[in-house]
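Protein chains: 2
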Amino acid sequence: MRPSREIHLAARPQGMPDTGDFVLVEVGVPEPADGEVLIQNAYISVDPYMRGRMNDAKSYVPPFALGEVMTGGAVGRVVASQNDRFREGAWVVHNLGWREFALSDGKGLLPFDTTAAPASTGLGVLGMPGLTAYVGLLDVGRVEAGETVYVSGAAGAVGSAVGQIAKLKGCRVIGSAGSAEKVAWLKEIGFDEAFDYHDVPAREALGEGIDVYFDNVGGSTLEAALAALRLRGRIVACGAISQYNATEPPVAPRNLFLVVTKRLRMEGFIVSDHFDRMAAFLNEVAPHVRDCSLRYRETVVDGIQNAPAAFIGLLMGENIGKMLVRVGPDDA
Amino acid sequence: MRPSREIHLAARPQGMPDTGDFVLVEVGVPEPADGEVLIQNAYISVDPYMRGRMNDAKSYVPPFALGEVMTGGAVGRVVASQNDRFREGAWVVHNLGWREFALSDGKGLLPFDTTAAPASTGLGVLGMPGLTAYVGLLDVGRVEAGETVYVSGAAGAVGSAVGQIAKLKGCRVIGSAGSAEKVAWLKEIGFDEAFDYHDVPAREALGEGIDVYFDNVGGSTLEAALAALRLRGRIVACGAISQYNATEPPVAPRNLFLVVTKRLRMEGFIVSDHFDRMAAFLNEVAPHVRDCSLRYRETVVDGIQNAPAAFIGLLMGENIGKMLVRVGPDDA
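Keeping their order, the protein sequence lines are chains V and R. Numbered according to the numbering used here, the first sequence terminates at residue 358, and the numbering increases by one at each position without gaps. Numbered according to the numbering used here, the second sequence terminates at residue 358, and the numbering increases by one at each position without gaps.
I should point out that these hints are in silico values taken from the structure, not numbers from a laboratory. Fair warning: there could be bad hints in the mix.
In silico negatives: residues of chain V with every beta carbon more than 12 Å from chain R [what the hints assert, rightly or not]:
| # | residue |
| --- | --- |
| 1 | N121 |
| 2 | K133 |
| 3 | F221 |
Straight-line distance between alpha carbons at most 20 Å, and here's what the computed EDC-like set of lysine to aspartate or glutamate pairs gives [what the hints assert, rightly or not]:
| # | chain 1 | residue 1 | chain 2 | residue 2 |
| --- | --- | --- | --- | --- |
| 4 | V | K84 | R | E234 |
| 5 | V | K288 | R | E234 |
| 6 | R | K288 | V | D165 |
| 7 | V | K288 | R | D82 |
| 8 | R | K84 | V | E234 |
Yeah, the Cβ is synthetic: ideal placement off N, Cα and C, and Gly gets one too.
Here chain V stands alone, though its shape is the one from the complex (with noise of 0.2 Å):
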C-alpha cells in the first residue's frame, strides 16, 4: 500500500521555529472501519495561532503533542467511506492537520460545496478566516456604517477579509502590512488607506483616528491604536502575530490608562466559540466571494514536505492572503 506522509512536532521551539523543529514520517493509509471515511486531503492550513500550540502551556485549545501530528484546518475528499453521512467524493474540511490521508469516524467534518467556489477557500475567505473577520467585525466589535476600522496583518487570510466587509458595510478602511506588494494589493481590493509599517508608524498614518481596531498584531501596533481610537472606540483582540515568537514578555502598550479615559472596549475572542455563526456567515459573504466583490488571493507552497517552510514563512510574513499548503489532487 502506498504510504501517508504527515508532519510531526519534533521539538517546542524557543523563538521562532526551524524546520528542525518538525519531522517528516510516513506511515500507512488506513482502511476505514464500520462509521469511518478515508480523507485524502488537498490542502492543509498554516495559521498563526499555531505556534501558540507548539508550546508546552496551557491555553485554548491544548498544545501539540511532540512526537504526534500537527492537527489543524485541513480540505480535502472523502476516498472510502463507511459513513450514510459521506459519500466517496464528497468534499469535507476538518481539523486532522498535517497529513496526506486522514482517517475520521465523521465527527468534525464540515462538507464543503466546491460548486460554488474551490476547495482551498473553504480554509480561507470561506472557512475559520473568513469567519473570523466576520464574528470579529459584526458580533465583538460592533462596527457601523461610517465608522473607521483599522486593521494590522490587512493582507493575511483574516485581514483581507475584515477590510472588505468592513467596506461591505459602509465603513472607511485602513490596513496595515509589511510590503509595498501588500499594500498595492489593499488599495486594489478597496482599503481606502493602507501603509507598510516599516515605512510609516502607525500612530501618524492613523492621524485622523479610528473607531474599531481589529488587531492581529499586538505590541506596539496597539500601543499605536489605543493613541488613535476615538471615544467609545473598540479593539477586537483577535492576535498578537508581533508576540508568538518572542521570548520577553512585550513591554507595550503603555498607554493601557486610554481605556479608561476614552471609555474603550477590548475583548477577545476565539472562532470556535462562534461556529454557529457559520450559516449566517456562509449566506452572507459566499455570494460575494462567487461575483467577486469580495476578494481573495492566497499562496500556495507544494509538497506536504515544505509545511514547516510554509508555516515559518507566514510567521515571518511571507505569505499575501492564505497561506496554504497543497498536499494531495484539488480537482473538484
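Put chain R on the given structure of chain V with help from the hints.
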C-alpha cells in the same frame, strides 16, 4: 465682610504632588445676583482622578488651570439665594471645588437629602464614588450572582462600595488594600477575602480565579488579575492609582494577550457619562446605607488649608473610605 478661602493650583507637579504645588488664597464672599445662590461648603472632596487634571494634558476632563481654584466635588448649604429652585438652608452637591463659599447660577447643583444620611455621604457612598461602584459593577461588569469579584483599592470610597454592592448581588468578593487596618475593615464589612498587597502577591491571593476585576489600581495588579481571570471574565477599568504619579510609562500588564485566549472583555468608563443612573442607584443603595447593611467610612481632615495635604495623603493611601476635607459647619 469675612473672607472665603480657596485653594489654587500653583504649579504642575512631576510625580507625587507636594503642598508647594498649591496656594491658599483669600477672596471676598460675593453676594448672589438674580438667579444665583451662595453656598457655604461643609465638605470638599479629594479624589484620585484629580491627579490627572493637574497635568497639562487633554483627557476626559480639562486640566486645572494654573492660578485658578481646584474644581471638584463639594457639598454645602445655600446661605443666600436669588434662585427660586434653591431655598436658603438647602443642602446641595456641586462641582465648584476647593473653596469655603461658592457662587452658583444653579446649573449643576444637585439637591441632597440630609434627612436620610449625613451631608458628607453626598460626596461618598451616596455620591459620585458610590455611583461609580454601582455603574461599574452592574452596567460595565454585568456581574451575576455566584461570580467572584476582585476589587483593588478596596478600602477606598469606590472600592468599599464595589465589594458591598457585589455582596448584595450574591457574589463572592475579594479585596486588596494597603494596610492591616484596611484589611480588617474589609473583613468586617463582609468581604469574603481581603489581603494586604504588601504582604501577599495578588496573583497568589487570587489563586482560585475570578470572574470580574474592578480595577482601581492598574499596573502589576492588573497583570495579576489578568492571570487570575477565568474564561469570559471582565475587567471594569475604573482607575489606575498606581500610575497617576508615575514619571515613566508603565510596563505592566505584560500578559494582555490573555484577553484573546480567555475571551476577556476590558471596558473603561467615566462616571459622569452615567448620571442618568443616579436615581436608580439612590433608590437601590440608599436604603442599605440607612439600615447599615451597606457601610462606609470617612477619613476627615479639618480646614481648607489642609486640603492639599489631604489630597496627597489620598494618593499615598492614607485614607480609609472616603477622604474628605471639612471646611465649614456640617450640622443639618
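Item checked: Interface exclusion of K133(V) relative to chain R, criterion Cβ beyond 12 Å -> holds (23 Å)
Next item on the list: Mind checking the alpha carbons of K288(V) and E234(R) for me, to see if they're no more than 20 Å apart?
Entry: Distance of about 32 Å is beyond 20 Å: violated.
Item checked: Pair hint outcome, K288(R) versus D165(V) [Cα-Cα no greater than 20 Å] -> Satisfied, since the Cα-Cα distance of roughly 17 Å is no more than 20 Å.
Next item on the list: Decide if the proposed pair is consistent with the structure: K288(V) and D82(R), CA atoms, cutoff 20 Å inclusive.
Entry: holds (17 Å)
Next item on the list: Measure nothing beyond the straight line between the CA atoms of K84(V) and E234(R); if it is 20 Å or shorter, mark the hint as holding.
Entry: This hinted pair holds, its Cα atoms lying about 16 Å apart.
Next item on the list: Quick one: work out the minimum CB distance from F221(V) to chain R and report holds if it exceeds 12 Å, violated otherwise.
Entry: Since the minimum Cβ distance to chain R is about 24 Å, F221(V) lies beyond 12 Å and the statement holds.
Check: When you look at the beta carbon of N121(V), is every beta carbon of chain R farther off than 12 Å?
Finding: Non-interface label stands for N121(V): nearest chain R Cβ at 18 Å, farther than 12 Å.
Next item on the list: Starting from K84(R), check that the Cα of E234(V) is at most 20 Å away, please.
Entry: holds (16 Å)
In summary, the structure is inconsistent with hint 5 from the numbered list given earlier, while agreeing with all the others.
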